[in-house]
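Could you put together the complete structure from these sequences and hints?
One letter stands for each residue in the lines below.
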Amino acid sequence: MTCSEVERILPELLDGAAERVFPAEFETHVKSCPACSGLVSDLRLIASESRQLAASEEPSPRVWVRIAAELRAEGLICDPATREPKAAPTRPILISTSPRRRWSAWWLAPVAAALLAAGAYVVSHEPAPQVAKQTAAAPVTVRSSVPETAAVSSDRVTTPAPQRLARKSAKPADRLGPAARPAVEPEPSAEDQQFLSVVSTLAPSMRASYESELQAVNADILETQAYVNRNPGDADARQHLMDAYQQKALLYQIALDRIQ
Amino acid sequence: MTDPKQGITEAEAIEQAKQGHEAAFEVLYHLHKRRVYSLCLRMVSNPVQAEDLAQEAFLQLFRKIGTFRGESAFSTWLHRMTVNVVLMQLRKKGLPVVSLEETLESDDEAPRKEFGTKDVKLTGSIDRLQLQRAIDKLPPGYRTVFVLHDVEGFEHNEIAEMVGCSIGNSKSQLHKARLKLRDYLKFMRAEKAKTG
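Going down the list, the sequences are from chains A and B.
When we follow the working numbering, the leftmost residue of the first sequence carries the number 1, and every step to the right adds one.
When we follow the working numbering, the leftmost residue of the second sequence carries the number 1, and every step to the right adds one.
Since the hints were made in silico from the structure, they are not lab data.
Errors might be hidden in some of the hints.
Stated by the list, open to error - From the derived model, a few chain B residues whose C-beta atoms are all more than 12 Å from chain A: (1) 22; (2) 80; (3) 140; (4) 179; (5) 193.
Stated by the list, open to error - Going by beta-carbon spacing under 7 Å, a handful of chain A positions derived as facing chain B: (6) 53; (7) 55; (8) 59; (9) 70; (10) 211; (11) 227.
If you're wondering where the values come from, they're calculated on a predicted model, not measured in any experiment.
A virtual CB, placed ideally from N, CA and C, is assigned to each residue, including glycine.
Structure follows, in structure tokens:
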């Protein structure tokens, strides 16, 4: 058998070759030919090592957050109490003043504040038209549903910050006070601490999952924020930053719905 | 398959997901996310795209979960769906799913073979990172067949059905892909040796 003949029949032989019996003349040639021996050995090694790559990579936590949001939007996730499809959170997340959700309303206030802070920052840097439409809508929506009172307490629905932030959204970013940038703090922020205290009531495995996802989305926000600070004219980056804040808000919403 | 953290079997999660339980969807996602995402990443070599494709694959699966009757393994069903999602994306982009005949291909991407003498073996194990990079360098058509066969374990008859080629073509593409990888890996190894 020649080297050319070996190479011609190699594809057939190496396919599922673990249990295959090789022709004697093939074995004889390969044993005596360093080039063909090297070729066969290398191709076997590549095939075997490649199998280790299956399931070797981990997607970011964002993927599940987006999947969950879409499942809700399509009504595929049911409320176990009512068997009704769970409604997807609207963008931005509206704060309901109904008694049933009063307990949760104060919880969502910092989330709305974080979203508005991101929107204010984006708008103040003259984003692209499509971004401007989204961010322009956010303050109006929240203003219509947020009560006037200031303090956050367990038995009142109160959120002053979003209204103040909404009024500030037209101002340049450098005139925004610290209150307008609550979500750009190093973790854990006050909102994150509240989130973590809520998910601490979940099973350990679920708690760990939420903590991990929060960490990942915070890291994304920090990194993107730093980039936007250096490149304020980058509309895509600003959009990405807004998306990251919204993902964080969705994460809060998913955790909240789980514990209700 | 059981999610040890949740104490719930895959079969239980499937039944609960059919009822719309969010936790069940999440269990199924975490059980299979690495396999799905890794497959997408190997096929498109782009993490952002791979995440989008993985998301789409899971969504398609979850939308159809009510139709799953258990005749085949759930993972097989998901696996195939993922491959279809990726192939559809490649076709939409006009990228070749299977390479054309050798004479029509350009060899511009292949490294010069001055380091790849036939009697030099890839001794020992292959550096996984180098292997990943080498796979990323493969032309899309070769990469598809190689990933489906050597990484994901599909048989040639399955690959032929999925990508729309003959079994012989699938085997031929796989062999060429492995030869190219061999050259890339030797080139990388030689380059690394030069730079120390």
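Quiz prompt | Unsatisfied constraints (hint numbers, rising) | solution = 1, 4, 10, 11
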